[in-house]
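**Q** Sequence:
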Amino acid sequence: MDADTYTDADVVRAIETRFVPLKLDLFNGPREVVRPLNVIWTPTILFADRRMVVHYRSLNFLPPRHFRTLLDIGEAEVGLRWSRTDHAIDLLTRAYERDPDGPFAAEALYRKGIAVYLKTHSNPQMYAVWDVLRERFPESIWSLRVP
Numbered sequence: 001m002d003a004d005t006y007t008d009a010d011v012v013r014a015i016e017t018r019f020v021p022l023k024l025d026l027f028n029g030p031r032e033v034v035r036p037l038n039v040i041w042t043p044t045i046l047f048a049d050r051r052m053v054v055h056y057r058s059l060n061f062l063p064p065r066h067f068r069t070l071l072d073i074g075e076a077e078v079g080l081r082w083s084r085t086d087h088a089i090d091l092l093t094r095a096y097e098r099d100p101d102g103p104f105a106a107e108a109l110y111r112k113g114i115a116v117y118l119k120t121h122s123n124p125q126m127y128a129v130w131d132v133l134r135e136r137f138p139e140s141i142w143s144l145r146v147p
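When you line the sequence shown up against my numbering, it's residues 1 to 147, in that order.
Simulated from the structure, these hints should not be mistaken for lab results. Built from N, CA and C at the ideal position, the CB exists for glycine as well. Treat the hints with care, since some could be wrong.
[As the list claims (entries may be wrong)] Okay, derived cross-link-like pairs now, EDC-like style, lysine to aspartate or glutamate, Cα gap no bigger than 20 Å in a straight line:
#1 Lys-119 - Asp-131
#2 Lys-119 - Asp-99
#3 Lys-23 - Asp-4
#4 Lys-23 - Asp-8
#5 Lys-119 - Glu-107
#6 Lys-119 - Asp-101
#7 Lys-119 - Glu-135
#8 Lys-119 - Asp-86
#9 Lys-119 - Asp-90
[As the list claims (entries may be wrong)] Now the in silico label distances, taken between C-beta atoms and shown as ranges:
#10 Val-146 - Leu-59: 22 to 30 Å
#11 Ser-83 - Ile-15: 18 to 26 Å
#12 Arg-98 - Asp-49: 17 to 25 Å
#13 Arg-145 - Val-12: 27 to 35 Å
#14 Arg-31 - Leu-118: 17 to 25 Å
#15 Glu-97 - Asn-28: 35 to 43 Å
#16 Ala-3 - Leu-26: 12 to 20 Å
#17 Leu-118 - Leu-59: 21 to 29 Å
#18 Ser-122 - Asp-25: 19 to 27 Å
#19 Val-132 - Thr-42: 30 to 38 Å
#20 Glu-135 - Asp-86: 24 to 32 Å
Construct the complete structure from the given sequences, taking the supplied hints into account.
**A** If you want it as structure tokens, here you go:
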């Protein structure tokens, strides 16, 4: 990822403006930091809040286009834990719209349904999002999770 994804101008800009990046060596990093993160594979991308509580993780390589979508989903997941529902909905909408047929599209819709519910406490509004998910991605693991 150092040669491709982390050198992409859009990825660099997103990380520098939205995150506090921390790169650790799994085998030679400070054990008191590395061990509690439960990382067993590299690269592992963790999305943690200001208390260093991890709310989302992703394993292995992603090309820049998909990595930017991952950044949106990860930031949204952290934001939901801090009641930033509007921001999370915006990020998840952007994640879906960036690549509506891509590998993260179904996940973005699923998580957006949750964010909409957390904001509105409205089952109909949540299911309006999830109906799109089930229609577009009926065999997705994310569709199968919809009750």
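**Q** Does the structure break any of the earlier hints, and which numbers would those be?
**A** The structure breaks hints 2, 6, 7, 14 and 18; every other hint is satisfied.
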